[in-house]
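Enquirer: Here is how the chains run, residue by residue.
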Amino acid sequence: MFDEALRMEDIHLAYRDLVGAMFSKPRILGYFRGIEMDPQKELFSNVNLSVKRGETICIGGPSGQGKSALLRVIAGLTRPTRGNIYYFGEYIPPEKLTALEVAKRQVGMVFQNGALISNLRVRDNIALPLRYHKMGTAAEIEEKINMAMDLMRVRDEADLFPHMLSMGMQKRVAIARSWAMDPKLLLMDEPTAGLDNYNRRNLLPLIDNMRTLFKTTILIVTHDLMISKELGCNICFLHRKTLTEPKPFDYWLNSDSEISRELFRDLRNSG
Amino acid sequence: MLGLFLLRRPFGQQIALFFRAISSIFAKNRSLKTDSRNIIMQTYFTAVEIFPILIVVATLFGTITIIEVISMMGKMGFADFVGSMIVVVVIRELGPVLTAFLIAGRSGSSLTTYIGSMVINYEVDALATMGVNPIRFLVMPSLIGGCIAMFIMNIFFSASAICGGYILTKCAIFMSGMSGVMQSEMSSIQLTWTYLTDEILKALTLDDFLFIVVKPLVFGAIITTNACYQALNIPRDVRQVPKAVSRSVIKSFLYVVIADVIISIFYLVDYMNNLNQLI
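Chains as they are written, first to last, in this note's numbering: chain D, 19 to 289; chain U, 0 to 278.
What the hints contain is simulated information worked out from the structure, not anything from laboratory work.
Hints may be right or wrong, so weigh each one.
Negatives, chain D to chain U, calculated, CB over 12 Å [said to hold, decoys possible]:
id	residue
1	V69
2	G72
3	E108
4	E119
5	N137
6	R149
7	A176
8	P223
9	K259
10	S278
11	R279
Simulated crosslink set (EDC-like; lysine to aspartate or glutamate; CA at most 20 Å straight-line) [to be verified]:
id	chain 1	residue 1	chain 2	residue 2
12	D	K162	D	D142
13	D	K233	D	D274
14	D	K152	D	D226
15	D	K233	D	D168
16	D	K233	D	E73
17	D	K162	D	D174
18	U	K32	D	E248
19	D	K152	U	D34
20	U	K32	D	E73
21	D	K247	D	E73
22	D	K265	D	E248
23	U	K32	D	D168
Each residue gets a CB set at the ideal place from its N, CA and C atoms; glycine is no exception.
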């Protein structure tokens, strides 16, 4: 129980609830909506997942299966239609499940496009949550920012605006920003999408460093199955509206299940 | 149940957003320095950059009012009411409303675009996942900055409407005297600065000063809350941003006029009370 970072039980999400919690609306409104029971209108249903502390898990699958939506549910941006989520053994009831509440439990998220605040410089982007939460004195925050920038190797770009950076840079800054918050659970949405091979090879060791040095639990959503092999972590798939058991890469490569036949065919043929 | 009924409507949600923004001032991890910097930035953005246009509009508008009032009132034999007429038209009613329209058209629309594109780019979501409350970080500074800017701009509007209006009217009288057009009418107007200010100061009551403060604050709160609400309400669709902007401006106009009517009822009640005393 104590070494558990995240547990999801019987999560359902209807297409209707996909838009997510609007900050313009009081969240009590969502509580009075009818529950969608039609399985045809659900994006995924009956998702169960349990992640241990310090563990890294990839969630794979073809696009359109709701991988990113699942990550949004975990981050609290989208409220699941049904189901329970436990963060570090603590249950959050659905009416309290908001992104702010989840963020208090030190869950960080890296968005697919980086989602850097576009009118702040890189340095201020990383500093923003630290200053907002007053995590230490000005000198400590400065030191933390520099550490995060060194870790992700974006120190030279500290005074640039996000639109001056390439996609790969933006992603690295976004990861640095999440890391600076000392997350215990880090959610990453497609960290390697849109990166060339060189940047991808640079990024993966950085994720690996973070995992080994700071014992962060990492959940990676990706369609790039080789990440799982290179990081040596388990991978599970959203398939037929539900999530499979996490298994090592080699298991999927050699098994005879439907997923393996569909997704690993190219990898098998190329050896 | 009534509360729930209201909360399902955009109007109730806007009121809820307003109170959430106000309550977020007193949130646990407040920092006076960052907040005041954001608020000052927002005030600057709302107030200073609209300044030239506002001054021009106010001056021209003041000129029209003064010319109309003085020529009409003199003809109808109500010359004693010139001051109260200018007070009613410029300071009490149209000054705040026109300022509100200008600020809604400029700052309200840009605020909607700004926050709306942040919503589209997932930046608001990113703020929330970092534990930064978007309502506190985005809505609250614009709300307070908008109110302050609206207040300052309203005073500038009234002042420049009267001063600039006086100067332009003088010019107009001088020019028409030169050219000989409408000489008989215009030259009969004896407009001096002391006459105008005396009349206006005579007509000003304590209620007017109260409403010079209250009206801009109410209008500023309406405009910024509405703009932020429309922006945060955008679904993830780029085409919705222009729609939200136009909704934001039009609804701001509507709400400002409705609020103005509601506030004006106060004057009506006041008038009725005076009527009772007279009888």
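Enquirer: Indicate, hint by hint, whether the structure satisfies it.
Expert: Status of the hints after comparison with the structure:
1. V69: Its Cβ never comes within 12 Å of chain U, the nearest being 17 Å, so this holds.
2. G72: Fine: 21 Å to the nearest Cβ keeps D/G72 off the interface.
3. E108: holds (16 Å)
4. E119: violated (9 Å)
5. N137: violated (9 Å)
6. R149: violated (6 Å)
7. A176: holds (19 Å)
8. P223: holds (25 Å)
9. K259: holds (22 Å)
10. S278: holds (33 Å)
11. R279: holds (34 Å)
12. D/K162 x D/D142: Holds, because 12 Å separates the two Cα atoms, which is no more than 20 Å.
13. D/K233 x D/D274: violated (34 Å)
14. D/K152 x D/D226: Answer violated: D/K152 to D/D226 is near 29 Å, above 20 Å.
15. D/K233 x D/D168: holds (18 Å)
16. D/K233 x D/E73: Holds - the C-alpha atoms of D/E73 and D/K233 are around 8 Å apart, at most 20 Å.
17. D/K162 x D/D174: holds (16 Å)
18. U/K32 x D/E248: violated (46 Å)
19. D/K152 x U/D34: Holds, because 13 Å separates the two Cα atoms, which is no more than 20 Å.
20. U/K32 x D/E73: Since the Cα atoms of U/K32 and D/E73 sit roughly 40 Å apart, the hinted pair is violated (cutoff 20 Å).
21. D/K247 x D/E73: holds (14 Å)
22. D/K265 x D/E248: holds (14 Å)
23. U/K32 x D/D168: violated (28 Å)
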